[in-house]
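Undergrad: Chain by chain, the residues:
Number of protein chains: 2
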Amino acid sequence: MNAAECVIRTAETAGVELCFANPGTTEMPLVLALDGARMRCVLGLHETICTGAADGYGRLSGKPALTLLHLGPGLANGLANLHNARRARTPVVNLVGDHASWHRDADAPLTMDIEALARTVSRWTARMVRASEAGSLTAEAITRARAGRGGVATLVLPHDLLLEEVAEGVPPMPRYEPAPAADPGAIAAAAELLRGSAASALFLGGPALWGEGLRLAGRIARATGAVLVCETGFARLATGAGRPPVRRLPYFPEQAQALLDGFAHVIGCGAKPPVSFFGWPGKPSRYLDDREGVIWVAGTEEDAVAALRELADALGAREDHPGTRHDPPPAPTGPLDGAKLAAALVRELPEDAVVVPTAVTNSYPFSAIAERARPHEQLALTGGAIGEGPALAIGAALAAPGRKVINLEADGSGAYALQALWTQARERLDILTIVCANRAYRILRLELERSGQAPTGRVTRALTSLEDPSIDWVQVARGLGVPGIRVDTGEALVEALRRALAEPGPCVIEAVLS
Amino acid sequence: MNAAECVIRTAETAGVELCFANPGTTEMPLVLALDGARMRCVLGLHETICTGAADGYGRLSGKPALTLLHLGPGLANGLANLHNARRARTPVVNLVGDHASWHRDADAPLTMDIEALARTVSRWTARMVRASEAGSLTAEAITRARAGRGGVATLVLPHDLLLEEVAEGVPPMPRYEPAPAADPGAIAAAAELLRGSAASALFLGGPALWGEGLRLAGRIARATGAVLVCETGFARLATGAGRPPVRRLPYFPEQAQALLDGFAHVIGCGAKPPVSFFGWPGKPSRYLDDREGVIWVAGTEEDAVAALRELADALGAREDHPGTRHDPPPAPTGPLDGAKLAAALVRELPEDAVVVPTAVTNSYPFSAIAERARPHEQLALTGGAIGEGPALAIGAALAAPGRKVINLEADGSGAYALQALWTQARERLDILTIVCANRAYRILRLELERSGQAPTGRVTRALTSLEDPSIDWVQVARGLGVPGIRVDTGEALVEALRRALAEPGPCVIEAVLS
Chain H
1 MNAAECVIRT AETAGVELCF ANPGTTEMPL VLALDGARMR CVLGLHETIC TGAADGYGRL
61 SGKPALTLLH LGPGLANGLA NLHNARRART PVVNLVGDHA SWHRDADAPL TMDIEALART
121 VSRWTARMVR ASEAGSLTAE AITRARAGRG GVATLVLPHD LLLEEVAEGV PPMPRYEPAP
181 AADPGAIAAA AELLRGSAAS ALFLGGPALW GEGLRLAGRI ARATGAVLVC ETGFARLATG
241 AGRPPVRRLP YFPEQAQALL DGFAHVIGCG AKPPVSFFGW PGKPSRYLDD REGVIWVAGT
301 EEDAVAALRE LADALGARED HPGTRHDPPP APTGPLDGAK LAAALVRELP EDAVVVPTAV
361 TNSYPFSAIA ERARPHEQLA LTGGAIGEGP ALAIGAALAA PGRKVINLEA DGSGAYALQA
421 LWTQARERLD ILTIVCANRA YRILRLELER SGQAPTGRVT RALTSLEDPS IDWVQVARGL
481 GVPGIRVDTG EALVEALRRA LAEPGPCVIE AVLS
Chain Y
1 MNAAECVIRT AETAGVELCF ANPGTTEMPL VLALDGARMR CVLGLHETIC TGAADGYGRL
61 SGKPALTLLH LGPGLANGLA NLHNARRART PVVNLVGDHA SWHRDADAPL TMDIEALART
121 VSRWTARMVR ASEAGSLTAE AITRARAGRG GVATLVLPHD LLLEEVAEGV PPMPRYEPAP
181 AADPGAIAAA AELLRGSAAS ALFLGGPALW GEGLRLAGRI ARATGAVLVC ETGFARLATG
241 AGRPPVRRLP YFPEQAQALL DGFAHVIGCG AKPPVSFFGW PGKPSRYLDD REGVIWVAGT
301 EEDAVAALRE LADALGARED HPGTRHDPPP APTGPLDGAK LAAALVRELP EDAVVVPTAV
361 TNSYPFSAIA ERARPHEQLA LTGGAIGEGP ALAIGAALAA PGRKVINLEA DGSGAYALQA
421 LWTQARERLD ILTIVCANRA YRILRLELER SGQAPTGRVT RALTSLEDPS IDWVQVARGL
481 GVPGIRVDTG EALVEALRRA LAEPGPCVIE AVLS
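In the order they appear, the protein sequences are chains H and Y. Its first residue numbered 1, the first sequence is counted upward by one per residue in our numbering. Its first residue numbered 1, the second sequence is counted upward by one per residue in our numbering.
Because the hints were derived from the structure by calculation, they are not lab data. Treat the hints with caution; some may be incorrect.
Stretch by stretch, here's where chain H covers chain Y in the computed footprint (C-beta under 8 Å, at least three residues) [to be verified]:
(1) 31-40
(2) 422-431
(3) 443-453
Selected chain H positions facing chain Y (Cβ under 8 Å, derived; list incomplete) [to be verified]:
(4) P23
(5) L43
(6) A100
(7) A116
(8) E168
These numbers were taken from a predicted model, which means no experiment stands behind them. For every residue, glycine included, the Cβ atom is placed at its ideal position computed from N, Cα and C.
Full structure from sequences and hints, please.
TA: See below:
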């Protein structure tokens, strides 16, 4: 067994089932080792697809996928979505090949400071310096990725060492460090606040927003009347009929501040104390600073589900929240806009779907009414690095076979990740991409208008417009192996959604917004 | 005048004429400032297009373009091509917006360690900490980018400071530090070697490969019989009829070593001593180590043209090299391969074209016979980060209006940069992209075969194949606003080339290789 085989066998022994790869010459020993493994390997045409897919997979499965990346430039290409994964606290293990150890100081063309790049997104970064470490470092990378809430671990693997025979074999897997428990004092204090009659909110993130966590949060909401509020950029949210309603913290600061100011008490769990997305002039930076009635029972590193369980116990909250009702809006008609698009999707959304609402402006109308749809889950953009949606959808589809994945994408952010459609086609993934084609980086025009500037200058118009030419998404999708259809009315969208949702496999609907 | 306006006016005063942008909210003050400027602004749908275009523009014009990038994720997306620019020693000035300075420690979603990212590719990195520095830091960024051979400079600009009024105005521009002169002792020693009768080579890079540098190198070759050899990954090469022949150092190490071993003396100028692209087992790392008869008259930071002038003077080499003859190969017929594709391109290449031969394997057959074409220039991949070609072509077309730009691209590397076609369409750039569609990452299969491994395993085949589905480049191009045609014979390729070269504007030829 050579070191490359030891890396892959160790990963398989640890339960890793998937590798998103765009390998090069230095990674070939790992590719050959994968030939002898059971792990599924998925090719991305650009590394940003690999890392975004690993994020989506990790969020839904709770397990790390491998990414296989080609030296510094390959890692660099994947960094933006690793940044999103870091913000989502997704377990991901990057295997980054490097030059032979004896060749590194020759400063050959591809040489970069890989560790400097890796550290910007990784909670753990290491370089193999002896082949005998192959198994132990791989085990440690996986352990670090899975510890607590999860995170990104990056292991740099020089080519010559990967080829060396190793005697060590697959090491025993270290225990995953569980997330630390909440502070009992904080639980008691939070329970005390929630027992009062003042308006209260639970501000939730991470595992408090799905599965057992959300169920416990719903019980607390039912018992105390507290409102559930989630991070703007949540990693994963279960919503729709039968789930407790959760309000998404608005993107714009005055709306976010107004929502939070409406509560005398805010109990945080699984999230960081909320901050504004940008530092807008005259607007707040941290929404909950300098006020009373704020208690955090679990931050981003503590065990949020355990904290909710203790809090529910302390409150005697034992009954599940009845949840929202399936209450779809009427079918939209006429020329499309974001609200009509949201209405159509909420009507047609199949049960247990995974929605990836990464359209920068047009995800919000959907978020506002998604609780009226059939029960489903959503994966949002956590780190603000746009263009992740089509790759997140790949990872989600691989983590959740049998569930329809729907990427509600913008034309601006979707254009970052055209290459993802090819992987969706190759892997026959059950992904519907709805491109909200408003032919602009609309958010930038909104931001300018909000700041009192008209987006009418020559350069401002050009740099915020996606016209001249407009992207023909149907042709692009077909060129990459995915069938597509263009619609511009509510009627046509509903019809296209029904067809697309009835058939498995990837599909693109270009929804032209007026 | 606010700080953003001061940044842009300072850049214009320094002669900057172009900005490749994908801005976000934090960069809006700079976008508004650009509304009042003469500078041309070009939108890229992904930051890798912006940085690759800036590299192409800087290589041909000798001047830095600005890139305008959105915080850490925007810079991260552009890093791979900035790595190529660093290796090419291209002047580039990155303006990276950041959060308001008072918001940075709130660790909002987009917050990253921008400087850590920037330093991996930049010779100079700075952050504005007072608005009053806007002009002086911009002037310094431009000066550092232009100093010597050129390089990447990155300036981080917090949003709140960009909005502040500044009294300082546009500062005087510091003098560009010229590249230091060569060592006279090295010149004399090199001349001594070249006067002998033993086989000698000039190993050339940077400005020794075009314009006055190449002319001087040609004189020396004519006077002494020395062979001109260039870096594998040259930044810019003038070749074709009338130019002195230059042999490109082969990619594979045994071929490169054999070529260099054939010379008793190697005189280096404008390049680093050559190293192998990868550290292959049993192959050399540095080709010229441990041997005699090697003298470097100018490295990558010294003035290579001045060194060649002094060397030519010392040798009394005053007559220009007669150069190669226009000697196109016969028109190819039948099913296409890389050699036939090269023959067709060499036949049809218009005078003064700029060729971007970034197809990973299929650029080499073209390189081998390009000197028989009409005079033209080439821009190669310098840093090994694939996928730069379509963006390099954008920059070249903007730097050289009136000259046809031809990107000889692979399907594997071209798929990294589909988004570039949209910018080519929007800016009506005179770029012909020839996609060498072999439906594989062929280089990886070649590398495996060379290492004695058959690329036949399930995973190896999947991860090196671009089939299932094959990309339909004609549809993708049309979807992005660029007309396209598919050919699979020599006859059809020649016909398609003639049509495409006769008409201005972007075009894609998908050349399906057998």
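Undergrad: Look at each hint and say if it fits the structure.
TA: Each hint tested on the structure:
{"no.": "1", "hint": "31-40", "in the structure": "holds (count 6)"}
{"no.": "2", "hint": "422-431", "in the structure": "holds (count 3)"}
{"no.": "3", "hint": "443-453", "in the structure": "holds (count 6)"}
{"no.": "4", "hint": "P23", "in the structure": "holds (6 Å)"}
{"no.": "5", "hint": "L43", "in the structure": "holds (5 Å)"}
{"no.": "6", "hint": "A100", "in the structure": "holds (3 Å)"}
{"no.": "7", "hint": "A116", "in the structure": "holds (5 Å)"}
{"no.": "8", "hint": "E168", "in the structure": "violated (21 Å)"}
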